[in-house]
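A.B. asks: These are the residues of each chain, in order.
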Amino acid sequence: GAGVSQSPSNKVTEKGKDVELRCDPISGHTALYWYRQSLGQGLEFLIYFQGNSAPDKSGLPSDRFSAERTGGSVSTLTIQRTQQEDSAVYLCASSLGGGTYGYTFGSGTRLTVV
Amino acid sequence: GQQVMQIPQYQHVQEGEDFTTYCNSSTTLSNIQWYKQRPGGHPVFLIQLVKSGEVKKQKRLTFQFGEAKKNSSLHITATQTTDVGTYFCASGGSQGNLIFGKGTKLSVKP
Chain G
1 GAGVSQSPSN KVTEKGKDVE LRCDPISGHT ALYWYRQSLG QGLEFLIYFQ GNSAPDKSGL
61 PSDRFSAERT GGSVSTLTIQ RTQQEDSAVY LCASSLGGGT YGYTFGSGTR LTVV
Chain X
1001 GQQVMQIPQY QHVQEGEDFT TYCNSSTTLS NIQWYKQRPG GHPVFLIQLV KSGEVKKQKR
1061 LTFQFGEAKK NSSLHITATQ TTDVGTYFCA SGGSQGNLIF GKGTKLSVKP
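So the protein sequences, as listed, match chains G and X. Residues 1 to 114 in this note's numbering are what the first sequence lists, from first letter to last. Residues 1001 to 1110 in this note's numbering are what the second sequence lists, from first letter to last.
Hint data in this document are derived by calculation from the structure and do not stem from the laboratory. Treat the hints with care, as some may be off.
[What the hints assert, rightly or not] With a straight-line Cα cutoff of 30 angstroms, these simulated DSSO-like cross-link-like pairs (lysine-lysine) come out:
| # | chain 1 | residue 1 | chain 2 | residue 2 |
| --- | --- | --- | --- | --- |
| 1 | X | Lys1056 | X | Lys1070 |
| 2 | G | Lys17 | G | Lys57 |
| 3 | X | Lys1056 | X | Lys1105 |
| 4 | G | Lys57 | X | Lys1057 |
| 5 | X | Lys1070 | X | Lys1105 |
| 6 | X | Lys1102 | G | Lys15 |
| 7 | X | Lys1070 | X | Lys1059 |
| 8 | X | Lys1051 | X | Lys1070 |
| 9 | X | Lys1109 | X | Lys1059 |
| 10 | G | Lys11 | X | Lys1051 |
| 11 | G | Lys57 | X | Lys1036 |
| 12 | G | Lys11 | X | Lys1105 |
| 13 | X | Lys1102 | X | Lys1070 |
| 14 | X | Lys1057 | X | Lys1036 |
| 15 | X | Lys1036 | X | Lys1105 |
| 16 | G | Lys57 | X | Lys1070 |
| 17 | G | Lys11 | X | Lys1102 |
This structure is a prediction, so every number in the text was calculated from the model and none was measured.
So here's chain G without its partners, still in its complex pose (with noise of 0.2 angstroms):
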């Protein structure tokens, strides 16, 4: 597509429930990105896929957190039993590859857990 599709754009769960976050990245970015953005925060990096490689799943907080990336393209972050410190803006990003390439992030999917 032409950009980073994110679903769903909003996302309200009660704590304990488990949600899934989508991310669609541009066709041909080989490289995708998981990032947390906390309200008026940075951008904490959770987990990096890049084409067949073993993702570095390094930023993930927990056991709770796991993302997959099916047939090198769209890919979707679970969080499980969520915590109301789950709540943030989960942005994904993708890119032609490394850290040497600029990022397109989607426009996010706002998750607030209550």
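Put chain X on the given structure of chain G with help from the hints.
C.D. replies: Just chain X, lined up with the frame of chain G:
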């Protein structure tokens, strides 16, 4: 791991004044990227600097990469209300992901 520190955290200027944000690292950076995030929006890529001492301009914006590749700056000449937002610097992490600074939030008073 590689970190980039940004200052100031906030900057309030009168429209027409200049603005500068700085990005510093204790280690040599392979590159530096700059992003702008408008209020309520998502970060948008502005530019990448790679070479020591590199200077690039985009209209009223001037980007510099230090000679030692440990610091960078973004300077906006004669700010406008459309410049409002948070400016982030970022540099490549060891695994290929970008590490972002905490950003400088710019407000412009008309």
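A.B. asks: Run every hint past the structure and note whether it holds.
C.D. replies: Hint check results:
no. : hint                   : verdict
1   : X:Lys1056 to X:Lys1070 : holds, 17 angstroms
2   : G:Lys17 to G:Lys57     : holds, 22 angstroms
3   : X:Lys1056 to X:Lys1105 : holds, 22 angstroms
4   : G:Lys57 to X:Lys1057   : violated, 36 angstroms
5   : X:Lys1070 to X:Lys1105 : holds, 22 angstroms
6   : X:Lys1102 to G:Lys15   : holds, 28 angstroms
7   : X:Lys1070 to X:Lys1059 : holds, 25 angstroms
8   : X:Lys1051 to X:Lys1070 : holds, 11 angstroms
9   : X:Lys1109 to X:Lys1059 : holds, 21 angstroms
10  : G:Lys11 to X:Lys1051   : violated, 42 angstroms
11  : G:Lys57 to X:Lys1036   : holds, 26 angstroms
12  : G:Lys11 to X:Lys1105   : holds, 26 angstroms
13  : X:Lys1102 to X:Lys1070 : holds, 17 angstroms
14  : X:Lys1057 to X:Lys1036 : holds, 15 angstroms
15  : X:Lys1036 to X:Lys1105 : holds, 10 angstroms
16  : G:Lys57 to X:Lys1070   : holds, 27 angstroms
17  : G:Lys11 to X:Lys1102   : holds, 25 angstroms
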